[in-house]
Amino acid sequence: MTARGLIIAAPSSGAGKTTLTLAILAALMRRGVRVRAAKAGPDYIDPAFHAVATGHPALNLDPWAMGPALLDGLLAEAGHGADLLVIETAMGLFDGAGGARSGSGADLAARFGLPVILVQDVTGQAQSAAAVAAGFAHFAAGVTLAGVILNRVASARHRDLILPAMARAGIPVFGALLRDGGFSLLARHLGLVQAGEHADLERFLATLADAAEAALDLPAILAAARPLGLASRPAPAAFAPPGQRIALAEDRAFSFIYPHLRAAWRAQGAEILPFSPLADEAPPASADACWLPGGYPELYAGALAAAARFRAGMARLAETCPIHGECGGYMVLGAYLEDQDGVRHPMLGLLGHGTSFARRRLTLGYRRAVLAGPSALGMQGSALRGHEFHYASLTDPGADPPLAVLFDARGQELGPAGGRRGRVSGGFFHVIAQEEAS
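Here the sequence shown stands for residues 61 to 498, where the numbers follow my numbering.
A portion of the hints provided could be inaccurate.
Taking CB as the label site, the calculated pair distances span [to be verified]: (1) 188 <-> 468: 32 to 42 Å; (2) 187 <-> 401: 47 to 57 Å; (3) 62 <-> 327: 21 to 31 Å; (4) 425 <-> 187: 32 to 42 Å; (5) 425 <-> 232: 51 to 61 Å; (6) 331 <-> 422: 28 to 38 Å; (7) 191 <-> 473: 38 to 48 Å; (8) 369 <-> 304: 17 to 27 Å; (9) 140 <-> 459: 27 to 37 Å; (10) 267 <-> 439: 43 to 53 Å; (11) 457 <-> 188: 26 to 36 Å; (12) 300 <-> 457: 23 to 33 Å; (13) 422 <-> 456: 17 to 27 Å.
Hints were generated in silico from the structure; no laboratory data involved.
Heads up, the beta-carbon is just placed ideally off N, CA and C, and yes, glycines get one too.
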């Protein structure tokens, strides 16, 4: 059977599309549908929830950071062995960097001809909700609105005020969920609290499946999907591995690594050697490279500062192997990390900068990085695409040469960023893919 696909989007962030996506995934899995999931755009947390709901890894599909061949290959990979691939977008359906390559969920819908189901938070609206849906239906050629799901409906009377207006606008309604359903996921400063931190996620997913069974027209949702239309083919390598035996920090402090990068490294023959700095584990002595991903080190700064075996092992490895830290990993490679209470904790000191979470400043957006010198990311002049998303501030830049010169999604130069010292490198920049040759 050819895999089919659909996109779940919303007019804006906060409409409840992650919860609705999980409800649909869990309910269809319960019915025996082979469901897979993917996330549009740069996001580490939602795909982890998708993976628990479906029992399969969830990939990211990013039309700004990924070239056409990589995007096509990853879509085929995401739908492999599935009856249905559900893609959850970020922010609003049409929100992105702007321009022809915006990175929005609408870009994916147009490129792959996939229908969109719009999750609408109808709080404070009645018939006007139909006007919003009609605007989304006709806003852009090539983007097909299959219908809507009404979320946070106040009552049956509220729902019944909206349904006739949707019918007049020609917008199918796949169901309505009440506002007081008690379906919410905890959040913190970088998004939802991570899937691995939920004590009873399986029960929560079962509750969501019950709600979807009761309130949504699941057969109609299935029928709205369209064939993916891509032959199964391997995705090209997104990014070269930094070594052949990569020590990968992996615990609650270090969890933000994209599944497609890990898969690409393995496909190129690299072995992943996980270790836990929070458990005071040193990187495996057999490693010939080390990668410290992003995550939440600011929540565990005291434990990391006291992790003597981890610190000594990283110092030894830095003498012989490339080490790279992304975002939270970059913070830990520096001289100190100031936590939210203003307490300064000594970090690894393999780079000279210092960071603070007490002096919070949101930095968010797509980034193009041109490497300023050789590092674990590649040779000088190589261009990578990725993003930044952090609240920590750089309180002491140190004296290390920069990792890269950064540009925003519009091509505006943002200046040098990150640092390099010997075999060690790092920055707040998260790599998604090597930039394709033009």
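- Query: Which of the numbered hints above does this structure break?
  - Reply: 5, 9 and 11
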